[in-house]
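Protein chains in written order, with this note's numbering: chain Y, 1 to 238; chain E, 1 to 291.
Since the hints were made in silico from the structure, they are not lab data.
Any given hint might turn out to be false.
Partial selection, computed: residues in chain E whose CB lies under 10 Å from chain Y [what the hints assert, rightly or not]:
id	residue
1	H65
2	L69
3	P72
4	P82
5	G90
6	I137
7	L139
8	I142
9	G281
The beta carbon of each residue, even a glycine, is placed where N, CA and C say it ideally should be.
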Amino acid sequence: MRWGMVVDLSSCVRCFGCVAACRIEHYLPMGITWPKLVALETGGDNPTVSTYSVRCNQCKDAPCVEACPTGATTRRPDGIVVVDQDKCVGCRYCVVACPYQNRTFLSKDKDQGFFPGRVQTDFEKAGKKLYRHQIGTTEKCNFCVERIDAGLAKGLKPGIDRDATPACVNTCPARALTFGDLDDPDSEVSRLIRERGGFQLHPEYNTDPSVYFIDGKIGKTDTEPASRKESEAIGVPD
Amino acid sequence: MEMHQWMISYTRQTEWIDKRGILLWIAFYAGGLGGGLYLVSLYFNSLWGMFISWLIIGVIKGGTHLLFLGKPWRFWRIISRPQTSWLARGFIFVVLFVGSGAIQLMLSHWMPGSVAEILFKVSTGILAFGVTVYTGIILKNIKGVPFWNSILLPILFVLCGILGGFGLSVVIALAGGDVNLSAAEWGSRILLIANVLVIILYLFQAEQREEVGKQSVMEQLRGNNAPIFWIGIVSLGIAIPLAIAVTSLVAGEIASGLLVFGVICEIIGGLALRYCVLKAGAYQPLVAKAQ
Chain Y
1 MRWGMVVDLS
11 SCVRCFGCVA
21 ACRIEHYLPM
31 GITWPKLVAL
41 ETGGDNPTVS
51 TYSVRCNQCK
61 DAPCVEACPT
71 GATTRRPDGI
81 VVVDQDKCVG
91 CRYCVVACPY
101 QNRTFLSKDK
111 DQGFFPGRVQ
121 TDFEKAGKKL
131 YRHQIGTTEK
141 CNFCVERIDA
151 GLAKGLKPGI
161 DRDATPACVN
171 TCPARALTFG
181 DLDDPDSEVS
191 RLIRERGGFQ
201 LHPEYNTDPS
211 VYFIDGKIGK
221 TDTEPASRKE
231 SEAIGVPD
Chain E
1 MEMHQWMISY
11 TRQTEWIDKR
21 GILLWIAFYA
31 GGLGGGLYLV
41 SLYFNSLWGM
51 FISWLIIGVI
61 KGGTHLLFLG
71 KPWRFWRIIS
81 RPQTSWLARG
91 FIFVVLFVGS
101 GAIQLMLSHW
111 MPGSVAEILF
121 KVSTGILAFG
131 VTVYTGIILK
141 NIKGVPFWNS
151 ILLPILFVLC
161 GILGGFGLSV
171 VIALAGGDVN
181 LSAAEWGSRI
191 LLIANVLVII
201 LYLFQAEQRE
211 EVGKQSVMEQ
221 LRGNNAPIFW
231 IGIVSLGIAI
241 PLAIAVTSLV
251 AGEIASGLLV
261 FGVICEIIGG
271 LALRYCVLKA
281 GAYQPLVAKA
291 Q
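Chain Y on its own, in the form it takes in the complex (with noise of 0.2 Å):
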């Protein structure tokens, strides 16, 4: 089993509604982001700008996890690297190894309160104490792993059930982020990359991410999504 997720970089309508799903989930502090909106223009002079869904891509030949002088950084059985803060000692050398610039140090100017100087929101007060992020150690996605491992207790199938999928595929408004097992051919993620052509960023620095995308359309100039029919026959909402 090794869970990973599919990108459909033509259905995202830019709505930042994966980012807001995790910093609810995860209680983020405001200065940092777990997933991130990279946007591009593409197209000479006829532009479109072009977004792309980042997140940490849980490699499996994770450069993070050979950097990690503690052993805080781990790679589950299931494919999910994950952080455990009271190991981390900050060195920061994960940060600086990710070739996808996917980590963050959460340094105390970051985790400054949402109104910085004035009481804490009710919000802020239960995210201290339901999770608790150390200032001083490095964060990054982890699959909303709480998700899918209280899921999997239940009886529950991740990427099928939303009680055991992470946050942000479930807020997606366009279906553009897909969740499930990539070891399983029959799974939809397996399916959408073996039809749609799913890439990885980076694949030359031999990481193998688990995060795919589909439906790029970098350097073309064309006004259409790229597979507009193909969004269709899946389902896709325009």
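Based on these hints, arrange chain E on the given structure of chain Y.
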């Protein structure tokens, strides 16, 4: 919320040089300088040099690196896991160097010439080399920064550390310490030329490697790093020490103050070199930009 435009263009690493990263820069340089001085002091059998290198590594290198960590009191987790990464191995080199070096210094003071002293000199020398070289290996192994992916980087860091070691040996000799001044000066001259050659080779190799490597070299030569590169590395680190070295070679003897000034310039040059290497390290764009 913001669009992360920075991920579609070359972005330099910031964690290991900006803000508190300055501490890591000093730690990296102090490790190289201390290790280099210890190796040079072994050559001259200079107890003063060994003691100063022990202080540099134990206090400056160890102290600044610990201060840099987000959770410094957890450092024991690093030294208990040598199998993980070169950062862990480097920390272990430092801790063992401090322990082994302290014993060796005591043996050299009270039991000079004993078998134990020789054994500890050998073991501390190996550890000093480890402290000198490991920072270069760490950077070399980082896949996402092409500017650092070169075997020349650890070599450069070792040569730079030994050059600094010869420089400090000159100062020890001038202060009446147990170092042969003429030999230390010759060592400085040879290492200076070796450093220049490796720097040129390193930049040439980085420039050839990938587009982002070329960007890093351009950043050194013409970008924001240019003043530090040309003034710090080229002028202070190479030209002035080289001019002093040539003058002392031709004239036979020059003022002590000038030699000390040359050593200070060398050390500033070494610091500038580490700074530029860390500052110019840039990542490939996450997403290939449209043509």
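Checked hints:
Interface hint status for H65 (chain E): upheld, as the beta-carbon distance to the closest one in chain Y is roughly 9 Å, under 10 Å. About 5 Å separates the beta-carbon of L69 (chain E) from the nearest beta-carbon of chain Y, less than 10 Å, and the hint is met. Given the 10 Å rule on beta carbons, the hint for P72 (chain E) holds: about 8 Å separates it from the nearest Cβ of chain Y. Checking P82 (chain E) against chain Y by beta carbon gives a least distance of about 9 Å; that is within 10 Å, so the hint holds.
Interface restraint check: G90 (chain E) against chain Y, minimum CB-CB distance 9 Å, threshold 10 Å, status holds. Because the closest C-beta pair between I137 (chain E) and chain Y is about 12 Å apart, greater than 10 Å, the hint is violated. Checking L139 (chain E) against chain Y by beta carbon gives a least distance of about 9 Å; that is within 10 Å, so the hint holds. The closest approach between the C-beta of I142 (chain E) and any C-beta of chain Y is roughly 5 Å, which is under the 10 Å cut-off, so the hint is satisfied.
Using the Cβ-Cβ criterion of 10 Å, the hint placing G281 (chain E) at the interface with chain Y is satisfied: the shortest such distance is roughly 8 Å.
The structure fails to meet hint 6 from the earlier list, while all remaining hints are met.
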